[in-house]
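Enquirer: Protein sequences, first through last, are from chains A and B.
Sequential numbering of the first sequence, starting at 1, is according to the numbering used here.
Sequential numbering of the second sequence, starting at 1, is according to the numbering used here.
What the hints contain is simulated information worked out from the structure, not anything from laboratory work.
Everything hinted at is true.
According to the in silico footprint, chain B covers these stretches of chain A (three or more CB under 8 Å from chain B):
#1 57–68
#2 89–95
#3 108–120
Cβ coordinates follow ideal geometry from the N, Cα and C atoms, glycine included.
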Amino acid sequence: MSAVLLPGGSGPILRLQDVGKVYATGSVEVEALRGVSIQVERGEYVAIMGPSGSGKSTLMHILGCLDVPTSGSYDLAGEDVSTMSEAALATVRNRQIGFVFQQFNLLASLPAWRNVELPLCYSGMGRAERKERAIRALERVGLGERVDHRPGELSGGQQQRVAVARALVTDPALILADEPTGNLDSHSSADVLGLFTELHDQGRTIVLITHERDVARSAQRIVRILDGQVDPAVPLPSGNVR
Amino acid sequence: MNWRETIRTALEAIRSRRLRSALTMLGILIGIAAVMLTVGLGQGAQAQVRDQINQLGSNLLIVSPGSTTSTSGIRGGRGSASTLTMRDAVALASPVVAPDIAKVAPVVTGSQSLTVGTTNWTTNVVGTTPDWLPVRARSLTEGRFFTQAELNGSASVVVLGSTTSTELFGGRDALGQAVSINGSTMTVIGILNTAGSSTTTDEDDQALIPQTTYGSRIANNGNATGVSTLYLEATSTDSLSAAYQEANKALLSTHGVTAAAPDFTISSQQSLLTTATSTDRTLTVLLAGIAAISLLVGGIGVMNIMLVSVTERIREIGLRKALGATPRAIRQQFLVEASTLGLCGGLLGVLLGLVGAQVLPHFLNQPVTISAVAGIGALGIALIIGIVAGVYPASRAARLAPIDALRSE
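Okay, chain A solo, but in the shape it has when bound (with noise of 0.2 Å):
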C-alpha cells in the first residue's frame, strides 16, 4: 500500500518545549512533568515509556489535548495548542489525533461500525460518507467480516482493532495508544502490535505510551520518562530500528 497523505505542511508534527504541569490539589502542589522537551517527526513511531507514577500518563493527556500544559509549548501539526479553549481543543482532537485507550473504551449498545464512525459525527460527515469509510478502516484491521458485532460479541483482540480502526478514520496526524496492549493476552498484544508496525508502514505517525519494555521494543524510537522528565541515561535508539 502507499504512503497516507498527512495534513500540514513539513516540520515536525509534534513539537513539546520546557512543558511543566503542575497539579494543585487543596494546599499540596504536585509537579507532574518538569520541563519535558519532545520531538516527533513525520512518520516516526515513539514509545514513550516510564514506570506508573513517572508522568507518562500526563503527558499523554498533554500530547492527546485532553489537558493542557501549565508552562512551556505545545505544538501539534505547526499548531500551538497550549492556550486553546476546550472547544478548540475538542475540534482539534477530532481532526489531528486518533485514540487508543487501554479499556478500549468502545459503546456497547453500538455495532463495531457505528463505534468506528463516532469522530466523524463530531466532525459534520455525512451520513452515507460517515458509514463508507468506517466500513473501510475495519476492513484495514481486518475486521471487515464483523461490521455489525457490538463490542460484546468480538473478542478482547478484536474490540482493540476496532479501536485502531476508530483511530483511523479520519485520517488523523497523529495516533496516540495509551498502554493498547494493557488488556490483552500475549497473543492479541502481538497482533495489536503487528497492525501499529503495518500502519507504521504505511506513513502514519504513532506515538505510544507503555511501561513494558517488549512493547516499546516494537517502535522506532524510545523516549523514557523518569520523575516528570526525559531520562537522558538511556540511548535513543533502542530495539528494532527501521
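Since the structure of chain A is provided, determine the placement of chain B on it from the hints.
Expert: Leaving out everything else, chain B in the frame of chain A:
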C-alpha cells in the same frame, strides 16, 4: 454533530435503558393526564351550565319592575312594584324605538288553582303573547301555541307545562279538554316540551294563557294591562348590549323617570352565566393545581434520572469528548434526551387523558371536555418540563473534564 444525529443518539440512549426510561416517563404521563382530565372536567361542567342557561333562551334580557316604598319607608325589593304595562311591551317591540330587540314577550303571572273534574292543581298561570315561545326558546310536544288573533280576542285557551298536564290529567290526553281557572273554563290547545328547572321556578309546571285573557279573567286588581316581567330577545348575542341601551332609554322616557331613580331593572342571562361559571372555575383551578404538583414531581423525576445517567455514563462522556465532542455537543445530547423523555411522557399522557375523557363520564356522571388547545398545551408543558429538568444534568455533563471522565471506573 447536527440535530438529526443528536436526536438519534438521544433516542438510542433512551431505548438502551427501556425500563428506567418508561418509569421516568410515567411521572410525566400521570401528571399530564391528570391536568388534562381536571381541566376537561372543569370545562365540561362549565359547558353544562352554559347549555342549561342557553336553554332558557339565548340573547335574553329580562326587565323587572322596580321596588315599592311603603309609607313607613320600607322598600319592597325588586319586582314588588307594578310599573310595567303592555304599553311598554308594545313600545319595545317597535323597530324604530329599539332596532336591536327582535321580540318582546310580556309576562304577567299569578298562582291559581286549576280544576279538571274533581282534580285540582295549583300552579303559576302566565299571561303572555305568542312571542313567548320563541323568546323563551321553548317548543311543544303536541298541539299548538295560541295565536295573535286569540290574544286579540281574549280567547279561552290554555297551553300547559308537561308537569301540569300530568298532574291534572294523569296519563290521559289533555288536548281539547277543559280546564277551569279562577272560575273560567279554558280549552287545552297545547302541551310544552320539557325544559328542566331554572334556578327559581319549575319551567315544566305552568299554564300559559293569552295576556288579554289573563287581564280580563284572572287579574284581581283590575289592572288589565299590568305585566310583571318583560322578556326581550336581542337580534343577536353581539347586539345584546345595544338592545340593553335601547330598552333602558325607551323605558326611562315612557315612564318619565331619570336614570338615577329608575322604576325597573334590566338583567341578562350573561350575568347569571358569569356567576355560575365562576364557581366551577374555582374548583377547576384547585384540581388543576393538584395535578400541576404531580407534574412537578414528574419533572423532578426526569432531572433525577438524568443526573444518575450522567454519573453512570461518565466514561461515555469522556470518550465522546476525547473523540472530539465539544461541551456544547454533550450539553445538546443530554438536553435532547431529557426533553425527549418529557415529550414522550407528555404524548402518552395526552393519550391516557383522551381515553380517560371517554371512560370517566360513565363513572362520574360528569361531562369531560378536552379541547385541542388543552392537548397541545399539555404537550408543550411536558416538553418544557423535560428541557428545564435537563438543563442542570446536561451542563454538568458538558463541564466534565475529559481526563477525569475517562479515568473514572
